[in-house]
Amino acid sequence: MKHLLALLCLVGLVSCDEAQDSLKIGGKDFSESTILSEMIAALAEDAGIAVTRRTNLGDTRINLESLRRGDIDVYPEYNGTGLVMLGQPAMSDGDAAMDRVRSLYQPLGLVWGDRFGFANNYGLAMRAGRAEELGITSISDLVDRAGTLTIGIEENFQTRPLDGYGPMTARYGMEFGSVNVLPSEERPSLYDSLLDGSADVIEVFTTDGQIADLSLILLQDDLNFFPVYEGAPLIRADALVRFPELQGALRRLAGRLDAETMQRLNSQVDQDALAPREVARAALAEMGLIEADAGLDVSEPVLVAHSPLIGADAETGTALRAVREAYPGRRVLLQSEPDPLAAVGTGDAPLALVAAVEFAALEDGGELSPRPFEAFGVAGQAYVHLIGRGDIRRFADVATLATGPEGSASHRAAQIIAAAVDDLSLVSTEDLSSADADAALVLAPIGSSVVQGLLEGGRLLPVDGWDSGNNLVRFPQLRQARIPAGSYAGQIFAVETLSSQLVLAGPVVVDTDAVGPQGPGASIPTEVSALSDGTVIALNNALGQGTGLDPAIRAAPALTPLLPSPPAAVNPSSAISLMTALVLVMFGWLIWLYARPERR
Amino acid sequence: MSEDLESGEHTRPSLFNAVFIISLACVAGIGGWGLLDPDTMTSTFLGFTNYMLTGISWYWLLITTGFLILSGYLAFGPYGSVRLGADDERPEFSTASWIAMLFAGGMGAGLLFWGVAEPIYHFEGPPGMEGGTPRAAREAMVITNLHWGLHAWAIYGVCALVIAYFTFRRKQTSEISTPIMSVFNGPEGKPIGTLANVLGVLAVVFGLAGSLTMGTLQVRGGLSAVFGFDATTTLSLIIMGVLFVCYMLSATTGVDKGIKILSNLNMIIAIALLIVVIVFGPSQFILETFVNSIGEYFSRLPAMAFRMFPYEDLAGWTSGWTLTYLIWWLAWGPFVGIFVARISRGRTIREFCIGVIFVPTMFSILWFAAFGGTAIYIELFAGGGLAELVFADVTSALFTFLNYFPMGEFLGATACLLIFIFLVTSADSGTFVLSMMTTEGNLNPPVFHKMVWGVLIAVLTAGTLLTGSIPVAKAMAITGALPFSVILLLQIVGFMRAIRSERPDRTRPREARGHVDTAPAE
Numbered sequence: 037m038k039h040l041l042a043l044l045c046l047v048g049l050v051s052c053d054e055a056q057d058s059l060k061i062g063g064k065d066f067s068e069s070t071i072l073s074e075m076i077a078a079l080a081e082d083a084g085i086a087v088t089r090r091t092n093l094g095d096t097r098i099n100l101e102s103l104r105r106g107d108i109d110v111y112p113e114y115n116g117t118g119l120v121m122l123g124q125p126a127m128s129d130g131d132a133a134m135d136r137v138r139s140l141y142q143p144l145g146l147v148w149g150d151r152f153g154f155a156n157n158y159g160l161a162m163r164a165g166r167a168e169e170l171g172i173t174s175i176s177d178l179v180d181r182a183g184t185l186t187i188g189i190e191e192n193f194q195t196r197p198l199d200g201y202g203p204m205t206a207r208y209g210m211e212f213g214s215v216n217v218l219p220s221e222e223r224p225s226l227y228d229s230l231l232d233g234s235a236d237v238i239e240v241f242t243t244d245g246q247i248a249d250l251s252l253i254l255l256q257d258d259l260n261f262f263p264v265y266e267g268a269p270l271i272r273a274d275a276l277v278r279f280p281e282l283q284g285a286l287r288r289l290a291g292r293l294d295a296e297t298m299q300r301l302n303s304q305v306d307q308d309a310l311a312p313r314e315v316a317r318a319a320l321a322e323m324g325l326i327e328a329d330a331g332l333d334v335s336e337p338v339l340v341a342h343s344p345l346i347g348a349d350a351e352t353g354t355a356l357r358a359v360r361e362a363y364p365g366r367r368v369l370l371q372s373e374p375d376p377l378a379a380v381g382t383g384d385a386p387l388a389l390v391a392a393v394e395f396a397a398l399e400d401g402g403e404l405s406p407r408p409f410e411a412f413g414v415a416g417q418a419y420v421h422l423i424g425r426g427d428i429r430r431f432a433d434v435a436t437l438a439t440g441p442e443g444s445a446s447h448r449a450a451q452i453i454a455a456a457v458d459d460l461s462l463v464s465t466e467d468l469s470s471a472d473a474d475a476a477l478v479l480a481p482i483g484s485s486v487v488q489g490l491l492e493g494g495r496l497l498p499v500d501g502w503d504s505g506n507n508l509v510r511f512p513q514l515r516q517a518r519i520p521a522g523s524y525a526g527q528i529f530a531v532e533t534l535s536s537q538l539v540l541a542g543p544v545v546v547d548t549d550a551v552g553p554q555g556p557g558a559s560i561p562t563e564v565s566a567l568s569d570g571t572v573i574a575l576n577n578a579l580g581q582g583t584g585l586d587p588a589i590r591a592a593p594a595l596t597p598l599l600p601s602p603p604a605a606v607n608p609s610s611a612i613s614l615m616t617a618l619v620l621v622m623f624g625w626l627i628w629l630y631a632r633p634e635r636r
Numbered sequence: 153m154s155e156d157l158e159s160g161e162h163t164r165p166s167l168f169n170a171v172f173i174i175s176l177a178c179v180a181g182i183g184g185w186g187l188l189d190p191d192t193m194t195s196t197f198l199g200f201t202n203y204m205l206t207g208i209s210w211y212w213l214l215i216t217t218g219f220l221i222l223s224g225y226l227a228f229g230p231y232g233s234v235r236l237g238a239d240d241e242r243p244e245f246s247t248a249s250w251i252a253m254l255f256a257g258g259m260g261a262g263l264l265f266w267g268v269a270e271p272i273y274h275f276e277g278p279p280g281m282e283g284g285t286p287r288a289a290r291e292a293m294v295i296t297n298l299h300w301g302l303h304a305w306a307i308y309g310v311c312a313l314v315i316a317y318f319t320f321r322r323k324q325t326s327e328i329s330t331p332i333m334s335v336f337n338g339p340e341g342k343p344i345g346t347l348a349n350v351l352g353v354l355a356v357v358f359g360l361a362g363s364l365t366m367g368t369l370q371v372r373g374g375l376s377a378v379f380g381f382d383a384t385t386t387l388s389l390i391i392m393g394v395l396f397v398c399y400m401l402s403a404t405t406g407v408d409k410g411i412k413i414l415s416n417l418n419m420i421i422a423i424a425l426l427i428v429v430i431v432f433g434p435s436q437f438i439l440e441t442f443v444n445s446i447g448e449y450f451s452r453l454p455a456m457a458f459r460m461f462p463y464e465d466l467a468g469w470t471s472g473w474t475l476t477y478l479i480w481w482l483a484w485g486p487f488v489g490i491f492v493a494r495i496s497r498g499r500t501i502r503e504f505c506i507g508v509i510f511v512p513t514m515f516s517i518l519w520f521a522a523f524g525g526t527a528i529y530i531e532l533f534a535g536g537g538l539a540e541l542v543f544a545d546v547t548s549a550l551f552t553f554l555n556y557f558p559m560g561e562f563l564g565a566t567a568c569l570l571i572f573i574f575l576v577t578s579a580d581s582g583t584f585v586l587s588m589m590t591t592e593g594n595l596n597p598p599v600f601h602k603m604v605w606g607v608l609i610a611v612l613t614a615g616t617l618l619t620g621s622i623p624v625a626k627a628m629a630i631t632g633a634l635p636f637s638v639i640l641l642l643q644i645v646g647f648m649r650a651i652r653s654e655r656p657d658r659t660r661p662r663e664a665r666g667h668v669d670t671a672p673a674e
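Those sequence lines, one after another, are chains A and B. Residue numbers for the first sequence follow the working numbering, so the first one is 37 and each next one is one higher. Residue numbers for the second sequence follow the working numbering, so the first one is 153 and each next one is one higher.
Don't take every hint at face value.
[What the hints assert, rightly or not] Stretches of chain B that chain A covers, calculated by requiring three or more beta carbons in the stretch to come under 8 Å of a beta carbon on chain A:
1) 478-492
2) 634-643
[As the list claims (entries may be wrong)] Okay, the calculated bits of chain B under chain A, using three or more residues with CB under 8 Å as the criterion:
3) 175-184
4) 354-367
5) 464-473
6) 538-549
Rather than coming from a laboratory, the hints here were simulated on the basis of the structure. Values in this document were obtained by computation on a predicted structure and should not be read as measured data. We put the beta carbon where it would ideally sit given N, CA and C, even for glycine.
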């Protein structure tokens, strides 16, 4: 009986082990692949299959090798890549390519599922203006100019043996003047390099959302060098046996994703910084393949407080991407606050995207007093946009100035300016529209949507004469800057104004207590807690801005350089020496007490 | 009262009124100060503690390691076979109940609360090396075991042994002052003894109230993590109210009923939780971690037990972690010591040391291998993400962790219950000990005293909860450790002098030959 019981237990345990078998889903390290992996995961879960996500596993080579070794069971692949990985010539006919990869991969025990319905080819893209200026429409047009141009590519493209950078330049017979290579996971910033002019041409995926968003020119591949890359799941044959429901689940996605859909989804991840899992689930729910939000992970999101008044769309995206990178696996959400730092101070949000002016409060005496917050990294630069209404043409003519609500960046900047200038009264409003104000002040990055809206009924005024008096010293958070000509529609001249750094910030937690907050009976307060140094450094790296933090604002301790300490005195503290002496005397006394003769 | 227990050698003062009344007055004074002006009180007490902790950091590590060495000597040296009681006496409680009560009184909720969080903290930021690596994982387990292992239990062991020896072997009163009075057996003994007793009472009262405040917040954190309640002061006060009723019921029924039953229940639930984590977690990894931790902890103990960072500028780390833990254990020393002494009647010193120091240490190594080990496993091999959640909210670390397991909600609720019962057992043994301390060491103190102290602790805890300040609770909980360390050293001197008489082969102190000393128990 006992033996039987033991045997039953053992069988139970073993079957337990089997029940825990899950479908391991890989994926490459860029947004589109992650979205597709998440879609596969969602459909598999919907079909009752347990899923282990190993998305963002690495490049094609790592995924394919993991798949062959059985470390993963399925990942989204492209048929063109499938051919190239086996050293086959590229094909431009999708159906033929599909038949070819199916027959090639079958002996390896790998099965190609039905195509998702879109092709994501490699391509080269340029800014419309630049391409026009150089007269380039196809890759062949680049050949003569390549020596003077910079191309931006990512590592994966650089290393691809048959359809990568090397083979492409060999096929077209060109040599670029310089090549910027980014790590694969920083793929979205290729577009940044195109926009800021550090690259003239970049390598893109034709389903990248940015191509449409930024109106880029996709260069024509006139030699048909880039093969067709149609997305399809690549599955281990034994996974189809282990999970009989898998084939049906994957088939539901067949042909459902066209290139436009994919561009939109990619854009949601790359531009709007939404989490791939949420994007994938929302898209599936929209197509009616799964129920909306069923089984969505309800982990506590990381909140980033920001002010919608500044309309800093690109900077917010940069900041969100950085936060997402620093908090892997967590949902990151924006929270609108007129005074984002106040939300951080009460512990409502761990992070805030704020301008440097928000780090100080203007006292009644006209002095700035620092608020207890510290910055983790630079997300951009916010400019004072002074927008005159009606026929107001000079700053000196402005008597009443509309600002955002009290505590907002706009209001704080206006307060500082009002403190430096005579006869300026402020009207704080919810949305910067006040009928009786002569002008409105927005502290926002150049190109802010809020400013664009306000400019329809007004014009940008220069904030001049700031360097007279001691303003530069008194208010170091505002620095002189210029909004370049042509930044806004109808802006012919550069506008002299002030600017302030836009940074990610959090609370300063002053803890001078030598006794740690931990301990066997201790309970740590959770209201406001400091970010760990590791997270701060991860955030700063993820923001990836070359600019350092404005010294006028307080930087997180992890970012401040360690100061060389001055030579210490040989006896740093006589009080401690005295205490030490007392302890030693006490030890002596204890020894005497122990050893002294017994009293009669 | 128990005046008849007094040896006739010197007249002991009647401590009942003195200790009870002086203690009450001091508690009222300090408590009132804390409630009226919590900021000043906190900064005064914490400032004092900080100064002592950083200024003479070496002292704390040295004495606690000294306690460990001393208990090793007592267990395996010439006095190992001395019985805490008459030579033919047998243990009052079964070994299982004894160990269950040790845990319930001595560590309790901390094990649950920090089981996941602490290894993760060290894994992510070990002193002097890069975090998040396999090497950091090794270091994390060793550091955690250093904080929760032999040192902690050696402090308790020594605190308890000095009391238990005089109580059960010498048939003297079970008080803080008893070992000290054997050193100062002249007229100076009376005030010194009273002072020691009052300090002991104060350390226990405030230590307990501070710890209960923290514990209530832990339960509250658990309830809001598992059931989604709003973490409000009202909820804290409700928890405190239920806690009060439970511990008063338990304490008034005495050690052999309420306290024993609850402790056993607690141990069973804790072991069940441990088994769930081992079976449904990475079993192989946990057991490998356990075996590896044993080897690594014991082999690195000699160096770690003396490890300070004078060259690396890591003094902040040492005081924030290792010394903070030692101070906490010391702060709980007077109360756990008397309680452990109370339940250890009839055991030999060797048995006592192994039971109080070695067995619990092995259990906590297993505990941390299971909880901390699984957490590190999640970070290293299972996708990670736990560490960020732990850093974001330590209070819910355990509950977040349990959500990785099947029926996580149920496990979370069980953990909540367990933390709560641990609080009850800590509070009831604390109330019991306070009543003993203020009734000249009466082993079964009257209900009146239990009521007085039970209510007083509840009032102090509720007051601290109303201030809503964790630093206040912390200051109350640990400040008593500093003066108590001196008292403990004096107790040890008294004990070591007295125990010499257990060895007939050893020369007695000079001038003592022929002197009729308090004889070893017949």
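Which hint numbers doesn't this structure obey? 3
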